[in-house]
Amino acid sequence: MTAPLLSVRHLRVEFPTRRATLHALDDVSFDIMAGEVLGMVGESGAGKSVTGAAIIGLIDPPGRIAGGEILLDGQRIDNLPAEALRRIRGKRIGMVFQDPLTSLDPLYRIGDQLQETIATHTDLRGAALRRRAVALLAEVGIPAPDIRIDNFPHQFSGGMRQRVVLALALAAEPELVIADEPTTALDVSVQAQIIALMKRLARDHRVAIMLITHDMGVVAEAADRVAVMYAGRIVEIGPVRDVVHAPQHPYAKGLMGSIPKLDGDADRLVQIPGAMPRLHAIPSGCAFHPRCPSAFSPCLARRPDLRPHGPGSVACWLHDEAAPTERGP
Amino acid sequence: MTGTPQVRADPSDRTQPSVRAGPLVRVENLGRVFDVSRPWLERLIAGVPRHAVVAVASVSFEIGRRETLALVGESGSGKSTLARMVVGLVAPSSGEVFIDGVAMHDPAQRAARRRLRRRIQMVFQDPHASLNPRWRSRDIVAEPIRAFGLVRDRPQVAVRVGELLRLVGLDPADGAKYPHEFSGGQRQRIAIARALASEPEFIVCDEPTSALDVSVQAQILNLMRDLQDRFGLTYLFISHNLAVVRHMAHRIGVMYLGRLVEIAPRGALFGSPRHPYTRMLLDAVPDLDMTGRVRRPVEGEIPNPVHPPRGCSFHPRCPHSNARCAAERPGLAPAGPGLVACHAVEEGRI
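Protein chains in written order, with this note's numbering: chain S, 35 to 363; chain V, 4 to 353.
Just so you know, these hints were derived from the structure itself, not from any lab. Some clues are possibly wrong.
Which bits of chain S does chain V cover? Going by a derived footprint, with three or more residues having C-beta under 8 Å, they are [said to hold, decoys possible]: (1) 217 to 228; (2) 284 to 296; (3) 305 to 315; (4) 343 to 350.
Glycine is no exception: its CB is placed at the ideal position from the N, C-alpha and C atoms.
The shape of chain S in the complex, shown without the other chains (with noise of 0.2 Å):
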């Protein structure tokens, strides 16, 4: 076994604010493996972006990592100086977000942009460096690079773009990628091109992907495992096909059924009762058990930790042994 490109142990993020501290991200851990794509996948609140931005150093303060530790390729990052971070962000580690017109300046030429980032973290220039950012615009599979590379974003339509923004991403050769929502702002045909590309560049490249995503059938089509988070926590992670055929955690099971299928013939979606709580008022003990059909004793009083559970891990007093009491309805 090979370590991971990227570990994250025990996690906590905090935004202080004046009535209380609230805590985006509770002891969250998990590890990416080079040329795996990892899905991130969860609800509004749930805290998938906030561990992407974590990792990439861009929590917005007052907002602090407050525990635990990030390692890329064994290295900590979390702890390292503005400028020391500021040399990872894009050599190491590129960045794709949901709508590719704010990452891209609508004043230069996507040439310029490509090439001002490749030259950043390479020693390209003149001749050289244009000749890899048509190979790259190539690669992302937009057509007559050589003659594209001179437009401005507006030239491009929304899929384009998106290509546009993992080539900057792709530019510096990163070892990860993180994808927070990358094919969200996009029509389906477009979303599916987009989603073949970055399997196609996981495999070739080795790269390792986080894929934030709300979408489940994006992270069933593209990630290779799958981590469910529900309100600042991992609930479940697995492989892919386990996680999404057989979820264990009964809010990964809820949020499954919930979901309109192409096939299936079941006239009611499964409903989950209620809604995500925020973050100021994060239940005691298990934070699903209001909202839980097999909650019992043990989900009031503790919370349960994320145990190794058949192929995956799942944190339930359902699935974990040392449940506190008895268990029962």
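Put chain V on the given structure of chain S with help from the hints.
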């Protein structure tokens, strides 16, 4: 309108819709062109002509009573413009919409249309934008009741608002809260309660769950189906999500660049889609069961509607296109249980 507010929520006592048979909604050759020209002086200096976007072009369909017709398509396919024309928010450039026999855009039928208004409602995509942030939710829900004069005295209005909030799964006490105090799903419930307040027969839903998380989406979709069964509602359901549409609709129309390319009952459309674009859309949906399966990637993107391709709008992306497709626009023709606008289907090539 007669009857106390208490009995209104009961379907058996609900005022019966018109007993006339036939579809509730009939859309005939509806089209809308938007002028996107630059200002007159700029056109003169640069010597450029006027530009027009054909957002919707000669679309015809019917919706039966108690039926859900869904329109699907990608961005720029004209589905939202079409929905707005159906309810009368946007005037068509050509064609007409008849709801229960009343023409929605005929100036001569203004009086009949005013009587019809109460029976048509709309639910929008973004419940943050569609609810007045400075009104309490009870006032938002009460507005249609007051506007149409359905219930005259104030205590009765309050009772009716409480019923409506309970109907959509909220607590009557929530009526005192403002929209920002609710989550996105709860806000969409308020929007639905407001739509139901005028006791409509026909509700146009424009992407009602697109802004919601999946588990909340499931709650809203289930609610909308329950309300349809209970009150015999007719829905025009606009969505880009094929799986949602499959869950909600009896019949589905697929739009591409402002035109209806295929319309068929749900089973036929998902079981044996005919139009190459419908097939492409279905193939592109990331489906949970596809885990590990390698798919054919889809070619190209929806073209700029200012310069749509000649002939069939889909031909540049279509694997079955030939010279005829590039020259001649196909019309909707019967194919199986539905209608398809495709030369290849008509000629039996696919």
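### Message
Taking the earlier hints as the rules, which of them does this structure contradict?
### Response
Going through the list in order, the structure violates hint 4 alone and respects the others.
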